[in-house]
Amino acid sequence: QQQVRQSSQSLTVWEGETAILNCSYENSAFDYFPWYQQFPGEGPALLIAIRSVSDKKEDGRFTIFFNKREKNLSLHIKDSQPGDSATYFCAASEASGSWQLIFGSGTQLTVMP
Amino acid sequence: GPKVLQIPSHQIIDMGQMVTLNCDPVSNHLYFYWYKQILGQQMEFLVNFYNGKVMEKSKLFKDQFSVERPDGSYFTLKIQPTALEDSAVYFCASSWTGGNTLYFGEGSRLIVV
Numbered sequence: 001q002q003q004v005r006q007s008s009q010s011l012t013v014w015e016g017e018t019a020i021l022n023c024s025y026e027n028s029a030f031d032y033f034p035w036y037q038q039f040p041g042e043g044p045a046l047l048i049a050i051r052s053v054s055d056k057k058e059d060g061r062f063t064i065f066f067n068k069r070e071k072n073l074s075l076h077i078k079d080s081q082p083g084d085s086a087t088y089f090c091a092a093s094e095a096s097g098s099w100q101l102i103f104g105s106g107t108q109l110t111v112m113p
Numbered sequence: 001g002p003k004v005l006q007i008p009s010h011q012i013i014d015m016g017q018m019v020t021l022n023c024d025p026v027s028n029h030l031y032f033y034w035y036k037q038i039l040g041q042q043m044e045f046l047v048n049f050y051n052g053k054v055m056e057k058s059k060l061f062k063d064q065f066s067v068e069r070p071d072g073s074y075f076t077l078k079i080q081p082t083a084l085e086d087s088a089v090y091f092c093a094s095s096w097t098g099g100n101t102l103y104f105g106e107g108s109r110l111i112v113v
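Protein chains in written order, with my numbering: chain S, 1 to 113; chain B, 1 to 113.
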């Protein structure tokens, strides 16, 4: 059973639209949720992260909306650009006990010009 | 930003041989990780390492796998002997605190033939 789930394997949007990538999780003990961006042939790079005490985190064009009760979160990419085309991984870890960062299966985003 | 370097970037090896993957983590980071990624799919946790010890490992971290960081040099993943199913990209990561912001290298692509 996947602990972190990304329901969409792929998503295509037009340049300028808002891309919305969804993620859900099982473990109530998860309290840190980073999103990683990965381009082909490269390692994942941290894009933005949120802790479970917050319901929203914004950084430029990127916003995380977090719903602790429903155990889901979403990454919104405003004004999508072709350069945003990449695979986005949702991840989660616990505050204490485990240092594992558990990744979802990723959503491949394509932004069409 | 902070860089994690991995050597080699790719290696082809005969099944049954030994391979060592090297990682130069971000200086002053204390926690080190190895992840396995097959065909651009999700990152799967293998092991984390702190203060000279394995802290956690997953079921993917078989008996043939070992990690060490002798005297603050490279953090290494050794596989002996290798099997066909070990073919994957192995990502090293490091962090200042456990389980939070991980910085990943660009990966070592291992092909076992």
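Treat the hints with caution; some may be incorrect.
Claimed, not checked - Residues from chain S shown here face chain B by an in silico Cβ test under 7 angstroms; the list is partial:
1) 39
2) 44
3) 106
4) 110
Said to hold, decoys possible - Beta-carbon label-pair distances, calculated as ranges:
5) 12/B - 110/S: 25 to 35 angstroms
6) 64/B - 56/S: 36 to 46 angstroms
7) 50/B - 113/S: 39 to 49 angstroms
8) 1/B - 113/S: 22 to 32 angstroms
9) 85/B - 5/S: 16 to 26 angstroms
10) 9/S - 2/B: 26 to 36 angstroms
11) 79/S - 64/B: 44 to 54 angstroms
12) 56/S - 2/B: 21 to 31 angstroms
Claimed, not checked - Here are the simulated lysine to aspartate or glutamate pairs, DMTMM-like style, with alpha carbons at most 25 angstroms apart:
13) 53/B - 14/B
14) 59/B - 31/S
15) 3/B - 63/B
16) 59/B - 94/S
17) 59/B - 44/B
18) 57/B - 26/S
19) 3/B - 59/S
Rather than coming from a laboratory, the hints here were simulated on the basis of the structure.
We put the CB at the ideal spot given by N, CA and C, even for glycine.
Cross-check of the supplied hints:
1. 39: With a minimum Cβ separation of about 10 angstroms from chain B (threshold 7 angstroms), the hint on residue 39/S is violated.
2. 44: OK, holds: residue 44/S within 7 angstroms of chain B, min 5 angstroms.
3. 106: holds, 6 angstroms
4. 110: Constraint on residue 110/S not satisfied, violated at 14 angstroms.
5. 12/B - 110/S: 25 to 35 angstroms: holds, 31 angstroms
6. 64/B - 56/S: 36 to 46 angstroms: The hinted range 36 to 46 angstroms holds for residue 64/B and residue 56/S, with Cβ atoms some 45 angstroms apart.
7. 50/B - 113/S: 39 to 49 angstroms: Between residue 50/B and residue 113/S, where Cβ atoms are some 45 angstroms apart, the hint holds.
8. 1/B - 113/S: 22 to 32 angstroms: holds, 28 angstroms
9. 85/B - 5/S: 16 to 26 angstroms: Since residue 85/B and residue 5/S have Cβ atoms about 24 angstroms apart, the given range 16 to 26 angstroms holds.
10. 9/S - 2/B: 26 to 36 angstroms: Holds: the Cβ-Cβ distance is about 30 angstroms, inside 26 to 36 angstroms.
11. 79/S - 64/B: 44 to 54 angstroms: holds, 48 angstroms
12. 56/S - 2/B: 21 to 31 angstroms: At roughly 27 angstroms between Cβ atoms, residue 2/B and residue 56/S fall inside 21 to 31 angstroms, so the hint holds.
13. 53/B - 14/B: Given pair residue 53/B, residue 14/B is violated - Cα atoms ~29 angstroms apart, limit 25 angstroms.
14. 59/B - 31/S: Given that 25 angstroms is the threshold and the Cα spacing comes to 24 angstroms, the pair holds.
15. 3/B - 63/B: Since the Cα atoms of residue 3/B and residue 63/B sit roughly 30 angstroms apart, the hinted pair is violated (cutoff 25 angstroms).
16. 59/B - 94/S: holds, 19 angstroms
17. 59/B - 44/B: holds, 10 angstroms
18. 57/B - 26/S: holds, 20 angstroms
19. 3/B - 59/S: holds, 22 angstroms
Violated hints, in rising order: 1, 4, 13, 15; the structure is consistent with all others.
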